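*Asks:* According to our numbering, the sequence shown is numbered sequentially starting from 88.
No lab work stands behind these hints: they were computed from the structure.
Quick caveat: nothing in here was measured; it's all calculated off a predicted structure.
Treat the hints loosely; a few may be bogus.
Per label pair, the in silico range of CB-to-CB distance [to be verified]: (1) Gly157 - Tyr93: 22 to 30 Å; (2) Ser99 - Ala126: 34 to 42 Å; (3) Asp118 - Glu246: 17 to 25 Å; (4) Ala243 - Asp96: 53 to 61 Å; (5) Glu227 - Thr104: 40 to 48 Å; (6) Ala126 - Ala243: 17 to 25 Å; (7) Gly211 - Asp118: 51 to 59 Å; (8) Gln178 - Ala113: 31 to 39 Å; (9) Ser99 - His264: 37 to 45 Å; (10) Thr154 - Asp181: 16 to 24 Å; (11) Asp118 - Val95: 17 to 25 Å; (12) Gln269 - Val95: 27 to 35 Å; (13) Asp140 - Asp181: 27 to 35 Å.
Ideal placement from N, C-alpha and C gives every residue a C-beta, glycine not left out.
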Amino acid sequence: MSDAAYQVDLASVTPITASLKAVPLAEAPDDLFQMMMAAKQDMLEQRYSTPPDTSKNPAYAPYATVTVNGKVVAKIDNHGFVETSNAMGGQCADAIKAADDRSGGASGPQLAQARAEEIAKALGGKVNKASTAMTQRAFEATPQPKATVNEAALRADPEYAQIAQLRQAHAAFLAQHMDEEQATA
Numbered sequence: 088m089s090d091a092a093y094q095v096d097l098a099s100v101t102p103i104t105a106s107l108k109a110v111p112l113a114e115a116p117d118d119l120f121q122m123m124m125a126a127k128q129d130m131l132e133q134r135y136s137t138p139p140d141t142s143k144n145p146a147y148a149p150y151a152t153v154t155v156n157g158k159v160v161a162k163i164d165n166h167g168f169v170e171t172s173n174a175m176g177g178q179c180a181d182a183i184k185a186a187d188d189r190s191g192g193a194s195g196p197q198l199a200q201a202r203a204e205e206i207a208k209a210l211g212g213k214v215n216k217a218s219t220a221m222t223q224r225a226f227e228a229t230p231q232p233k234a235t236v237n238e239a240a241l242r243a244d245p246e247y248a249q250i251a252q253l254r255q256a257h258a259a260f261l262a263q264h265m266d267e268e269q270a271t272a
């Protein structure tokens, strides 16, 4: 279907009257309120979060390298993250996609192995497994690092108090709404 089929003749457009009432967030339906509050809380926590140090975490250690003619063209860590030069990136991209398709949603060392093999096959290279390569079982047993939240700074932010006030106002609104429903029942 062409774009012409979707064109509107502006002369045929008639205005409509609509009245939308703005509703305070505290009076929003509970599912919408909870979704909005979770987003506000997440954004606030993100502001006061420090990413984890992964330098000593074995899950981020090297899994393998791929060499072509003695030159390292790709490094893969235990998560399956691939590091390569810009020059090799394009050549590796199709191999990485093929590995992802072949591995069926695997992660960790299974994904790392599949990606290393596909890159080596595509470039005519060799996979050299690192001494820090993990088994899938060890990888899954390793706790994933978490960001650190500066709770004191978070609680000192005026937005933290606003979130608490919104939660109180919503609870009061729900209580009032329930009281009204019970009175009419």
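*Asks:* Please go over all the hints and tell whether each is borne out by the structure.
*Replies:* Now for the hints, and whether the structure bears them out:
no., hint, result
1, Gly157 - Tyr93: 22 to 30 Å, "violated, 58 Å"
2, Ser99 - Ala126: 34 to 42 Å, "holds, 40 Å"
3, Asp118 - Glu246: 17 to 25 Å, "holds, 22 Å"
4, Ala243 - Asp96: 53 to 61 Å, "holds, 57 Å"
5, Glu227 - Thr104: 40 to 48 Å, "violated, 60 Å"
6, Ala126 - Ala243: 17 to 25 Å, "holds, 21 Å"
7, Gly211 - Asp118: 51 to 59 Å, "holds, 55 Å"
8, Gln178 - Ala113: 31 to 39 Å, "violated, 55 Å"
9, Ser99 - His264: 37 to 45 Å, "holds, 43 Å"
10, Thr154 - Asp181: 16 to 24 Å, "holds, 19 Å"
11, Asp118 - Val95: 17 to 25 Å, "violated, 34 Å"
12, Gln269 - Val95: 27 to 35 Å, "violated, 49 Å"
13, Asp140 - Asp181: 27 to 35 Å, "holds, 34 Å"
Checked against the numbered hints above, the structure breaks hints 1, 5, 8, 11, 12 and satisfies the rest.
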